[in-house]
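Q: Each chain, letter by letter, is given below.
Protein chains: 2
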Amino acid sequence: MVVADDLFKALADPTRRTILDELAEKSGQTLFEICSRLSMKHQLGISRQAVSQHLAVLEAAGLVETRREGRYKFHELNTAPLRQIAERWLVADTSGPEKSTP
Amino acid sequence: MVVADDLFKALADPTRRTILDELAEKSGQTLFEICSRLSMKHQLGISRQAVSQHLAVLEAAGLVETRREGRYKFHELNTAPLRQIAERWLVADTSGPEKSTP
DNA sequence: ACAATAGGCAACTGTTCACTTGCATATCAA
DNA sequence: TTGATATGCAAGTGAACAGTTGCCTATTGT
Numbered sequence: 001m002v003v004a005d006d007l008f009k010a011l012a013d014p015t016r017r018t019i020l021d022e023l024a025e026k027s028g029q030t031l032f033e034i035c036s037r038l039s040m041k042h043q044l045g046i047s048r049q050a051v052s053q054h055l056a057v058l059e060a061a062g063l064v065e066t067r068r069e070g071r072y073k074f075h076e077l078n079t080a081p082l083r084q085i086a087e088r089w090l091v092a093d094t095s096g097p098e099k100s101t102p
Numbered sequence: 001m002v003v004a005d006d007l008f009k010a011l012a013d014p015t016r017r018t019i020l021d022e023l024a025e026k027s028g029q030t031l032f033e034i035c036s037r038l039s040m041k042h043q044l045g046i047s048r049q050a051v052s053q054h055l056a057v058l059e060a061a062g063l064v065e066t067r068r069e070g071r072y073k074f075h076e077l078n079t080a081p082l083r084q085i086a087e088r089w090l091v092a093d094t095s096g097p098e099k100s101t102p
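Which chain is which? The protein sequence lines are A and B, in order.
Under my numbering, the first sequence has 70 at position 70, and the numbering climbs by one with no breaks.
Under my numbering, the second sequence has 25 at position 25, and the numbering climbs by one with no breaks.
It should be emphasised that the hints constitute simulated quantities derived from the structure, not laboratory data.
Be a bit skeptical, because a hint or two may be false.
Copies of the same chain are indistinguishable here, so a pair counts whether it falls within one copy or spans any two.
Pairs of lysine to aspartate or glutamate, DMTMM-like flavour, derived with a Cα cap of 25 Å [said to hold, decoys possible]: (1) K41 x D5; (2) K41 x E87; (3) K9 x E69; (4) K9 x E25; (5) K41 x D6; (6) K73 x E87.
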């Protein structure tokens, strides 16, 4: 399991979450394709290097997996790490706030 | 819906996640009770003010709700905002466990 | 009233983070 | 090979963030 810290830190940035949205919509995009979509669809004026760094963070968190083909590197979304978020707090939720006095 | 940015930023800090764990285990704790548990159970040498600021961030994200009684302020966990995380990216994914919540 | 308890506000500090800039590497087409 | 494409690495900058420190307000018990 990828460390929880990497996962939550990766999700903390809005640009990275938009990248995840893009990869959810179309899997297997290259770095340049993601750059294009961010600037076209989302009006994000951001450099290629910045996107590359974001993808590295997402990959370290296990949210993005890559495969290399020649000079192209394709990126795919992996939602598996997201499940531990729900499992951490939603399971123990008995939904009844109990009253306590110190 | 609480802005997604507040939610993910709130979850980005390990101390705040530990506070959520504590509130999941025992609901309705006061600031001082949370401080005690963080230092006792988790060996977190952290000031009361720091915990107070963390709680404010968690409350802004909708993850913690508070009620005041005299000089006490009780904190309760609210896991509802966490569901939008799953709903954002896990919707098209069929490989995981079914969600049983209505 | 007085002191102790529970919490709040604001300024300051050191660190982390996102982004840029510049250069380098690797693959492919002519 | 030459040039164009696609990506990688690393140092530097400005802003955001976590935590501390100091002081203040409100409530409660004696």
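Q: All hints are to be evaluated individually against the structure, with a verdict given for each.
A: Verification of the supplied hints:
| no. | hint | result |
| --- | --- | --- |
| 1 | K41 x D5 | between (30 Å within a copy, 19 Å between copies) |
| 2 | K41 x E87 | between (33 Å within a copy, 21 Å between copies) |
| 3 | K9 x E69 | neither (29 Å within a copy, 35 Å between copies) |
| 4 | K9 x E25 | both (22 Å within a copy, 24 Å between copies) |
| 5 | K41 x D6 | between (27 Å within a copy, 23 Å between copies) |
| 6 | K73 x E87 | neither (32 Å within a copy, 28 Å between copies) |
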